[in-house]
Amino acid sequence: MLSGKGFTNVYNLSGGIKAWNNEIAVGPQDLGMELFSGNETAAETIVVGYGLEEGLREFYLSMTEKVAEEEAKKLFSKLADIEILHQDYLLALYKDVTGKSVSREEFVARTVQPAMEGGLTTDQYMGLYRPDLESVHDILSLAISIEAQALDLYQRAADRADDEGVRSVLQQIANEEKAHIARLANYIDSL
Amino acid sequence: MKWMQFFTPVRSINGQEAKELAAGKGADDVIFLDVRQPREYERSHIPGSKLIPIKELDERLDELDRDKPIVVY
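Heads up: the sequence lines are chains A and B, in that order. For the first sequence, the working numbering begins at 1 and goes up steadily by one. For the second sequence, the working numbering begins at 1001 and goes up steadily by one.
Treat the hints as calculated values from the structure; they're not laboratory data. Note that the coordinates shown come from a computational prediction; the quantities given were computed from them, not determined experimentally. Ideal Cβ placement from N, Cα and C applies to all residues, glycine included. Just so you know, not all the hints are guaranteed correct.
[Said to hold, decoys possible] Okay, derived cross-link-like pairs now, SDA-like style, lysine to any residue, Cα gap no bigger than 20 angstroms in a straight line: (1) A:Lys100 / B:Leu1064; (2) B:Lys1019 / A:Ala185; (3) B:Lys1019 / A:Leu133; (4) A:Lys18 / B:Gln1016; (5) A:Lys5 / B:Ile1054; (6) A:Lys18 / B:Leu1064; (7) A:Lys5 / B:Ser1012; (8) A:Lys5 / B:Leu1064; (9) A:Lys18 / B:Gly1015; (10) B:Lys1055 / B:Arg1039; (11) B:Lys1068 / A:Glu58; (12) A:Lys66 / A:Tyr11; (13) B:Lys1068 / B:Asp1029; (14) A:Lys78 / A:Glu134; (15) A:Lys95 / A:Glu106; (16) B:Lys1055 / A:Gly16; (17) B:Lys1019 / A:Ser135; (18) B:Lys1019 / A:Ser77; (19) A:Lys66 / A:Leu133; (20) A:Lys78 / A:Asp162; (21) A:Lys95 / A:Leu85; (22) A:Lys73 / A:Leu61; (23) A:Lys18 / B:Glu1040; (24) B:Lys1025 / A:Lys5; (25) A:Lys18 / B:Lys1068; (26) A:Lys5 / B:Glu1042; (27) B:Lys1055 / A:Ala185; (28) A:Lys95 / A:Gln171.
[To be verified] Every beta carbon over 12 angstroms from chain B, so not counted as near; a handful from chain A, in silico: (29) Glu40; (30) Leu61; (31) Asp96; (32) Ile173.
This is chain B alone, in the form it adopts within the complex (with noise of 0.2 angstroms):
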């Protein structure tokens, strides 16, 4: 439901915070999710993150674990 967005808070977290949230765990039990463009993926990403570029995220979302923390950048 579209009023969900609105009411769904994201939580903002900086590069320590994430760090810490993916420390000990498996390299896919945390998804560092890449929307940005090949082209910036390309010059620098974080090690293991799935690239889906914002304009295709809609139609991609079955690539994602809904169970799993999605750390978006």
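Here chain A stands alone, though its shape is the one from the complex (with noise of 0.2 angstroms):
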């Protein structure tokens, strides 16, 4: 129907979704979509993107205290040290759209209740994937499946905005969720 409508660029994933051996975001079109009311500035925007973040972070903070492998204790601390290396992503880019510096403690104070990434939360993530928590596969496993429902939420929130200005920093920080897919996939591929 594409091709004949003007669209030269288009591909048929031969045998569907079950071809795609890859990463997968699961739910309805409005999953999560409470995190954004549709009326935030792009710089409410990023605060929101900060809060789900550090949701995530104390997500992972939490499972080192949980876990008794020592391998799986050390990865689950790295994973919440990248969550800081995010949020200083988003606290650039915050500066990039206003114009003004912002302090880590001043953009914490105005960061609403964490929560976590992707618009579910921790048990459903957990019930949804099994993971062995024990496991280094399993846990990056989770790691790429958060991150995969993150990238689905913001490129969801990206595509309802109507702020030209909201919808380009949504589409920059599903871009940045994709960057961490990448590196986490390759992190697996080294194991």
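Now that you have both chains on their own, put them together as the hints suggest.
This is the structure:
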């Protein structure tokens, strides 16, 4: 249908979703969209994103207390640290968008209650993927699944955004999530 | 024109090729278009996909960027 309507760069994924042997997202189109009222400014959108990164960082930190294997503890701790880098990216993006520098402390004070990335709760992620939390491979797979869900949420929110500035911010965060997935996948491949 | 539908080729690619097509690009530089029903999308979809069920596609073509590669599933 598309090819006859002026779309010249169309591919058919042979085998459909079953042939997509990579990360997936789940849930309806409006999953997690309550995090974005649709009335936020670009700057407020970044604050929401920061809260999501913080929610994930706190989750990883809590897991370091729950697992027994030293290697699993170290990996959860490393994943928590990586979230700080993601937050730094959002702080820089905030400065780009608003032209104002803001300290981490000031920014944290403005964030809403941390929520988990991608719009699912911790329990929902656990129930969905049932990871062996002592397994390095399973922990990384879980992290990829969470980032994939986050990418999906930001992309859906970007699609919905009417304001060009907000759309651009959401798209940049979605791109960043995509890069996170690639880095985690490389990490798994290196094991 | 209707005849174009029959002469404009659509390439088929597998999952790995689709992944390589999108690798290193922005999340919306390659559009993954899910033309299944919402319930199927809900069960699992490629992250960042755009859902337009096949029966709505004809009326919603303006939501798609003609300049970007589109992977349909």
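Out of the numbered hints, which ones does the structure contradict? Those not satisfied are hints 1, 3, 6, 11, 12, 17, 18, 20, 24, 25, 26, 27 and 32.
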